[in-house]
Amino acid sequence: LAEAVLNGTAAELQAALADAQRAGLQGHEVRRARDALLAAEASDIRRRTELSVEEAIELDDWWKLQAAMQAVVGAGFGESEMVVRLREALRTHRRRKEVLQEIKRSAAARDAPRLRTAIEAALLTHAREPDVRRAREALRALQVRSAAKEELKRALASKEADIKPLQEALTAAEQAGLGEKAPEPLGQDPEEKATVEAVREELRSRAIAKLEGLHVKRDAAGLTEALGDAGGWGVDEAEVAIFNERLSQLHNQEKNRQELRDALQDGAKDRLSAALEAAGCVGITPSGAHAEDAELLRRVEEAIHQCDEREHRASTVAAAAAELRAAATGDDVHRLAKALNSAEAAGVGVTAEMAGARERLRLLRARACAAQDLKEAVQAANVYRLRAAVAGARGMGLPEKDVAVAREALKNLEAKTRSSRGLGSSTTSTAMVSSRGME
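Counted the way my numbering counts, the sequence shown spans residues 1 to 439.
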């Protein structure tokens, strides 16, 4: 019992007193042990109370502070230092709570100046570091998001068709978290999402306009590069596929233009016609938007027309030459003359066939004249003329049947002439005899 009084704890004192009571021990030592037990219990109560007070103050928890205050008063520490500390902790807690509420309200209202003032007040009230850190992060997020939204509005209001400023503003906004839910305790701003969507739609519109412009300019390299960035500009896959088809068409059109130029240099009609037909298949038409294409097609069509004219001339010349050869083998003067005129009009030129045909025409015409002379001489019944006509007909090589008729006529005329001469001679002799008789 003496050792417990000197060195023991309250539990040891209780155990020693219990042993003393069982042993029937009384006197000064027992009273001293009981006093020591009371003092030890009081010390334990104070220590536990102080610990609860310290814990409540450290945690800055309203309910724990209230519980600690009740424990202090209940333990009989009415106006002790612990009560003073608890009262001050409760007042500080109220101020901190008010400051944190102000932080929440200003953050929810997205009022940066008001939030900044609330953070300063929180620092003055020695608010907990996590609460201050969270408030500062909310303020930074609010400032970044507000600046990003204003930059989006400026880019959206710009009348320029350049994509880069709009894309840079949108990238900065996405990095700032615009379009996503704002972190606590910031309130939500519906205008943020609407602005982001408007900028995305404008970026897509400008991107499509750029792709259209590159297609109209026939800039295949620029269109290829732009299509590589189109996905990042918000152009969907279906639209990208359409412009890829247009890009392929541009490549095909450029190949066809080169083929048209090569065909012009070659000059072959088949190649020109094939290139012209292919041009229509790939969308190169005279009514297209490019004057260069219209001029190139005009030149090709003109070259094809020239080929047609050459073919027509060649066909005409060949036909005229064939008719000339056929006419030259016959005896039809009119056909041969017409064939010669047609050959000259077709541009047959000076050839052996033309010379032979002209000679043949001259001969046929001479024969015709000889035949006419022969006919007229027969009709005139003039021996001398008929004799000359027969000689001329023989010289021209007239058919024997035509000459035979004239020869028979000449023979008859010559016979008549001889008869007339004999009768005249007899009459003259009789007259002379009669004259002489009269004499």
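There could be a bad hint or two in this list.
Said to hold, decoys possible - Pairs of lysine to aspartate or glutamate residues, derived as DMTMM-like cross-links and limited to a Cα-Cα distance of at most 25 Å, are as follows:
#, residue 1, residue 2
1, K153, D229
2, K104, E120
3, K217, D236
4, K269, D236
Hints were generated in silico from the structure; no laboratory data involved.
Okay, the hints, checked on the actual structure:
A hinted pair counts as satisfied when its Cα atoms are at most 25 Å apart, and K153 with D229 qualifies at roughly 23 Å. For the proposed pair K104 and E120, the alpha carbon gap of about 14 Å is at most 25 Å, so the pair holds. Of the supplied pair hints, the one linking K217 and D236 holds, its CA atoms being roughly 23 Å apart against a limit of 25 Å. A distance of roughly 45 Å separates the Cα atoms of K269 and D236; the hinted pair therefore is violated under the 25 Å criterion.
Comparing the model with each earlier hint shows a violation of hint 4 alone; every other hint is respected.
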